Structures are given as C-alpha cells and as structure tokens.
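In order, the protein sequence lines correspond to chains A and B. Quick note, in the numbering used here, the first sequence goes up one by one and the last residue is 216. Quick note, in the numbering used here, the second sequence goes up one by one and the last residue is 1218.
Think of the hints as simulated: they come from the structure by calculation, not from any bench.
Some chain A residues close to chain B (C-beta under 10 Å, calculated; not the full set): (1) Ile-6; (2) Ala-9; (3) Cys-38; (4) Glu-147; (5) Gly-150.
Please read these numbers as outputs of a predicted model, since none were measured by experiment. Note that beta-carbon positions come from the ideal geometry of N, C-alpha and C, so glycine has one too.
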Amino acid sequence: MRPGDITAAGAGLLSCLTCGLLSQPASHEEDANACPRCGRRLHVRKPHSLLRSWTFLVAAMVLYLPANLLPIMDTESLIMGSHSDTIMSGIVLLWKSGSWGIAIIVFIASIMVPMLKMLAMLVILVAVHQGVSTHCHDLARLYRILEIIGRWSMLDVFVVAILVTLVQLQLLAAITPAKGALAFGAVVVLTMLSTMSFDPRLIWDSAEHARRRPHG
Amino acid sequence: MRLHGPLIACRECDLLQRPTALAGHMVARCSRCSGVLYQPLDDDLDRPLAYTLAATILFVLANAFPIVGLEVQGQTTVATLFGTARTLYDENMRALGVLVFFTTIVVPALQLGAMLYLLVPLHAGRVPTLLPGAVRMLQAIRPWGMTEVFILGLLVSLVKLGAMARVQPGVGLWSFGALLFAIAAAVASFDARVIWAKYRPAPGGIDEAGRRHASSTP
Chain A
1 MRPGDITAAG AGLLSCLTCG LLSQPASHEE DANACPRCGR RLHVRKPHSL LRSWTFLVAA
61 MVLYLPANLL PIMDTESLIM GSHSDTIMSG IVLLWKSGSW GIAIIVFIAS IMVPMLKMLA
121 MLVILVAVHQ GVSTHCHDLA RLYRILEIIG RWSMLDVFVV AILVTLVQLQ LLAAITPAKG
181 ALAFGAVVVL TMLSTMSFDP RLIWDSAEHA RRRPHG
Chain B
1001 MRLHGPLIAC RECDLLQRPT ALAGHMVARC SRCSGVLYQP LDDDLDRPLA YTLAATILFV
1061 LANAFPIVGL EVQGQTTVAT LFGTARTLYD ENMRALGVLV FFTTIVVPAL QLGAMLYLLV
1121 PLHAGRVPTL LPGAVRMLQA IRPWGMTEVF ILGLLVSLVK LGAMARVQPG VGLWSFGALL
1181 FAIAAAVASF DARVIWAKYR PAPGGIDEAG RRHASSTP
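Go ahead and model the full structure; you've got the sequences and the hints to work with.
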C-alpha cells in the first residue's frame, strides 16, 4: 500500500484540521482523542456531520419563505407615504430608479446566492447518501464555492441596519426593521452552519464505498 | 498498518500523500480532489505583523468615528459602526442587532487581538502560552468576520439614500475601506504552519511541512 492510494482514516491515522498533524489514535473511544500538538479534539470525520448539516439546511429552507415574503423594512415618509419593502421589492425599486448595477448585486447576494446555496447543499447531501461515483470533483468544487460565498448573503441585513440608523429624521421619514429581516438573517446563519457542519471528506468516502461494492 | 516517511493527509478528501519541496510561488494540490495541500513556508513574520498593526489602528479609527452622515434640510444624522447594531437592538430586533455587532465588531476585534497575541511574542522569539487556543479560535471565527460584506452594504445603502438626501462620507468610512484591505492582507499573509513550526516539533506524528519527528512513538 502506497500513499496516494489510501486515506488517513484507512491507514488508522487521525488528521488534525487545525494544525495538520497526523497522529495515531491513543484511544479507541470516538471522543477521547486530542491532537498531540495543538490539543484539538480529533475525529475520523466531523461528528454527526450529515445529521447536523441536514438539520440546519431544512431549517434554512423553511425560513427562506418568510424571509422573502415578509417585509424586511417599513418606511414612513411624509412625502411618499408609508410602504413596506420585501427583499424583491427593494431590488425592483433600485432597478426602476436606474441603479442597475446595485440592483443586480443585491439580487445576486440576497436572492440567488441563498437559493443556490441551499440547492447545492441539497445536491451534495443527497449525492453522499446515494453513493456518488462519478461527479466527486464537481461536488468538491461546489462545496469549496459554498464555503466562500456564504457570508455575502448578509448584505441585506447590513443594508437594513444602516438605513434604519441613518433615516431617523422624524420630519421627513422613518425606517424601521421588519420581521422579514430577522428571518433573512436566520437563513444566512443557518446555511453557513449547514455548510460548516458538512465534512467534504464524506464525498470521497461515499465514492470509495460505491466503488468497492458496485452492486450493493 | 505502517506507512513510513513524511506524510500529510488532504483536509478535503483525507488522502495520504508524500509532500515534496516547492519552488517559488507554487502550490501543492491534492492528487485526488485538487484541494490545496500546502504552500511554500514563509518564515518571515514582519509582513503579517505589519499588516495586523495597520489593521488594528484602522479598526480603532473605523469604530471611533462616524462612518457616514446624512443631511436632510439642514439636519444631519450620523451612523457609527456600533450605532447600526445598537439601533437594530433598540428597534426590537435584538437577535439581528447582536448578529451585526458580532460580525462587524466582535469577530474582527477577536481576529486582530488573537493575531497580535500570536505575532508580537513570536516576532520577538518567544512563544505565547495560549498559542494553540488562539490559532484554533482564529480558525473557528474566520467565516464570521464580515467587514467586506458590511462595506458593500454601505454602498448599497448610500445609493438608496442618494435620491432623497445628501450623503456625507465620514472618517470612519475611509478607515473602514482601508481596513478591508489591511485585514485581508493580514489574514492572507498569516501562515499558521509557521506558527506550528515555531511552537513545538510534532510529537508522535508527521507535520504538515512533511517532517517526521524523531520522538514519534506510535
């Protein structure tokens, strides 16, 4: 057996995700091993990775509806009257007022990224459960992208925070945050937690498993 | 099973591989999943320390001064970084206020604090006592620092307000913009492997730079 053919887990070694050290497990109990160098608790794979990832993902999907349907802020203005903005209506407003570039950025960060993130996580999780054999590279790349773009969905939460703070001029207008913003913030946090809980090594484990038992 | 010689495991797919020496700006990638295995070790702590010090000064400025002001009919309101989180909290959006406070102030402050805690003594040739904990914390909180997302949010807000009022950029805004680059540079130039190499030789194992230590006892 040569390196390049076998995983650390296959060789009975534990790999530390903090400092990169490979070590022999000192104990056979699942929770009892710590990295001999940095002290991080070691596991063969992130514990309960799939269960946690699924839980956060389903919660995010449930909240995605109120996040998009409920208003994220209410505006009261002497000149323009009062109205409520959902994420989508805010984008439409930007588009109509001629700020196309900004409208597109907000659309990507607030609508597309969360939706694609949840879909991608769903695809990865289902693939791992079913035993992927061919698309490992695509799934691994997809996961890498998820890790990077997740935070950008917070954009609209920050926009609401800044607008609410600045527009407190009682005479002219007042902006207050609404329930949708809360749901939206929760969606962003939950999708990030779902991505973090997932262990990308499971993609390759699943492929290995499928390869060894092609008819199983 | 015994595998001899220096080995590393890919963080993304767990495949064991033998590290080889790298030249210049090459990056070693996993032979199976193409994830980054390691980059050349840069032993120099001057650059990360300089970026971190710059980022710390900018962070203090960005927090001390208003980021932006809004002028309508002679009345001006200003927003500070803390103020935006505080307003949400006061407007009955406590969870959201805490989230904004955490991602724009607490996490960047912890990041900079931990990096200074690590880099200042290491630069002087000493090893800080809580080194492993500090590196672990840095790794854990990294995804939650959202300075650059906040800047984009600021840009979007200013465009939205541009139609109805005059926007006055504040000292905090410029500091914040510069902070964005300083934090990115500090985090990018901060190579945790250098820290581990300076911390202590890996007992009972093979380190990520591919050195197996004599003291290893399986």
